[in-house]
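Enquirer: Note that the protein sequences, when read in sequence, are chains G and U. Here the first sequence is numbered in the working numbering, starting from 13 and rising by one per residue. Here the second sequence is numbered in the working numbering, starting from 2 and rising by one per residue.
Take the hints with a grain of salt, since some may be wrong.
What the hints assert, rightly or not - Every beta carbon over 12 Å from chain U, so not counted as near; a handful from chain G, in silico: (1) R35; (2) F59; (3) A257; (4) Q384.
Stated by the list, open to error - To give an idea of the chain G side of the interface with chain U (calculated C-beta under 10 Å), a few residues: (5) L386; (6) P388; (7) I413.
Source of the hints: derived by calculation from the structure; they are not laboratory data. In this text the structure is predicted, and so the values were computed from the model without any measurement. Backbone N, C-alpha and C fix where the C-beta goes; we use that ideal spot for every residue, glycine too.
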Amino acid sequence: MIIEALEILFLFLTAIMIAYLVRHYVFTLTVLRSANKKPSSPADLTFEPTVSILVPAFNEEKVIGRLLSRIANFTYPKEKLQVIVINDASSDQTGKIIDEYKNTYPFIDVLNRDRSNGRRGKASAMNHGFSKCTGEILLCFDADYYPQKDIVERLVKEFVDPKVGAVQGRVVVLNEPQNIVTRLVALERIGGYRVDQEARDILGLIAQFGGTVGGFRSSVLKSLHGWDASVLAEDTDLTFRVYLAGHKIRYCVDAECYEEAVDNWKSYWRQRYRWAKGHMQCFFKHSWSVLKSENLNAKEKIDGLMLLSVYFMPILALLSLLVGLPLIFLGSPLVGALWVSVPISLYSFVGNFAPFFEVGVGLYLDGRTRTQWLIPLLIFTFFFNIPLCLKAFFDVLGSKILGKDKNVWVKTTHSGNGNCYIES
Amino acid sequence: MQEGGWAEVKTLNRIASVLLVESTILCLIASYLLINNSHSFANIQSTATLVIFNVLFVSLMFQLNGSLNRKLCLLTLGNVIGLCWNFIFNYFDVAGTISFGENFNILYMVFFPFLSSLWIVSFWSLSLTILHHDSSVHRKFNL
C-alpha cells in the first residue's frame with residue numbers, strides 16, 4: 013500500500029518536472045525557429061509620447077552617477093522626458109551626486125525621502141515617485157543599470173498598440189568576466205532573457221515585467237493603484253495584475269540594459285531568497301485569480317500558473333529524489349525507468365530555471381563560443397537554490413499560518429565593479 | 002572542380018551520412034542489448050539516457066549552422082561516448098557488486114543517471130562551440 017502511494021507520488025512529481033522540461037523545450041524551439049526567419053519591419057519610430065523615468069536609489073553612490081550620465085545622453089527628445097530619482101534616505105553620497113545632475117540637467121528631478129518615510133522597500137519608493145510622474149509612459153531603471161542610448165525609443169514603440177499595458181527590455185550582465193558567480197548569473201540571464209522571455213512574447217504567453225528596464229502605460233498603472241508594497245516580488249505581482257486587468261506585456265529583446273550582477277554567493281542568496289519568497293507570495297495571491305480570469309486564455313492560464321509556481325520546483329525536485337530513493341531500494345520497476353528523468357530535470361531548475369539546452373541555445377544566438385563550457389557548472393546554482401527555496405517556502409508558509417506577513421526588503425549592495433567594463 | 006568531381010563528393014557525403022546514422026542506431030541497440038545487470042532497468046536506463054541525448058541533439062542542434070555531416074559526426078561521437086560511458090560504469094558496477102555486495106549495485110542504480118547527465122550536458126555544451134555561428138563574432142555590448 014505504501015509502495016503504491018509512493019509510486020503515485022513519484023509519478024506525479026516526475027510528470028510536473030517533465031511538463032516544465034517540455035515547456036522550456038518548446039520555448040527553445042520557438043526562439044530558434046524565429047531566429048531563422050527574417051526580422052519584422054521596424055515599428056513606428058515617430059511615436060514619441062511623454063515619458064517619465066523613475067530611478068529608486070538607496071546608498072548607490074558607486075553606480076548612480078553612471079546611470080544618470082547615460083540618461084543625460086539619451087537620444088529621446090529631452091522636452092518629452094521627465095526623470096525622477098528617488099533618494100530613499102541614503103546615508104552616503106548618493107544625494108549629493110543626484111543634486112549635481114539635477115543642477116546640470118533641467119529634466120532630472122529628485123525626490124528626497126527621509127528616515128521617517130523612506131527605506132521601506134522598492135515598491136514604496138516607486139509609488140512615491142509615481143505620484144509625481146506626468147508622462148504618458150512610465151519607465152523604471154535600477155541604479156546599477158546602464159541602458160542603451162536609444163532604449164526609450166525601443167521600449168516606447170511597443171505602446172503604439174493600445175492593448176499593451178507594459179513593456180520589458182532585455183537585461184545583460186555587465187560584469188560577467190569578474191568571477192564565477194557573475195559568469196553563472198550571466199548564463200541564467202541569457203537563458204531567461206534571450207530565450208525564455210522572447211519565446212513567451214512570440215507565443216503570446218505571459219511575458220514577465222522584471223521590475224526594471226521596462227515600463228507601463230501610466231493610465232494602466234494608475235488604474236492598478238501602482239506597486240503593491242506588501243509583496244517582495246512587486247514586479248511579478250504587477251505582471252499578473254496587468255494581465256488580469258486585460259492588458260498585455262510586450263518583451264523587446266533588442267532593448268538592452270546592462271546590469272551589475274551580484275558577485276558573491278552571500279549576495280546571490282539574499283537576492284534570490286527575496287525573489288523566491290516574493291514569487292511564492294504572488295503564487296498564493298494570484299493563482300486562483302489566474303484560473304478563473306476571463307481576460308486570460310487557456311494557454312496564458314497554464315503558462316501563468318507554471319510561472320507563478322516556478323520557485324517551488326527545486327523543492328519538488330528534492331522531494332522526487334527523496335521519494336524515488338526508497339522505491340529504488342525496494343526494486344520498483346516503474347521508478348527504475350523514470351529515474352533517468354530526475355537528473356535531467358535537475359539541470360532545468362537552476363538559477364532562473366532555464367534548462368541547460370535553453371541556456372546553450374541562448375548563448376549560440378548571442379554568438380558566444382566558449383561560454384557554453386560553463387553550462388555543466390549550473391548544477392551548483394541548483395544545489396544552492398534547494399535550501400534557498402525551502403527557507404522561502406517555510407517562511408511564507410509560517411507567515412500564512414501565523415497571519416504575520418512581515419517583509420524585510422534586503423537591498424542588493426552594488427560595488428561599482430561594472431564601471432571598468434564600460435570604460436574599457 | 003569538374004561536374005563529375007562534385008557528383009563524387011556528393012555521393013561520398015551521402016555514404017558518410019548513412020554510415021553515421023547507422024552507427025548511431027547501432028550504439029542505441031548496443032546500449033540496450035549488451036549491458037547486462039542483475040537489475041532489469043540497468044539497460045533501460047542506459048538506452049534512455051542515449052535517447053534523451055539524441056532527441057535533444059537532433060531537434061535542437063540540427064537547426065544550427067554547420068554542415069549535416071558535421072552534425073551527424075557530433076551525434077555519432079556523442080553516442081559512442083555515451084555507450085563507452087555506460088559500459089565503463091556498468092563494469093565498474095559489476096566489480097563493485099562482487100567486492101562489496103548487492104548494496105553497491107543499488108547505489109549504482111541511484112547515481113547512474115546523475116553520472117550520465119554529466120556527459121550529456123558537457124558534450125552538448127562542447128558541440129555548441131563547434132557549431133557556433135560561422136559569421137558571428139564574440140558578443141559585444143551594444144552601447
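Enquirer: Honestly, which of those hints from before does the structure not fit?
Expert: Structure breaks hints 4 and 7.
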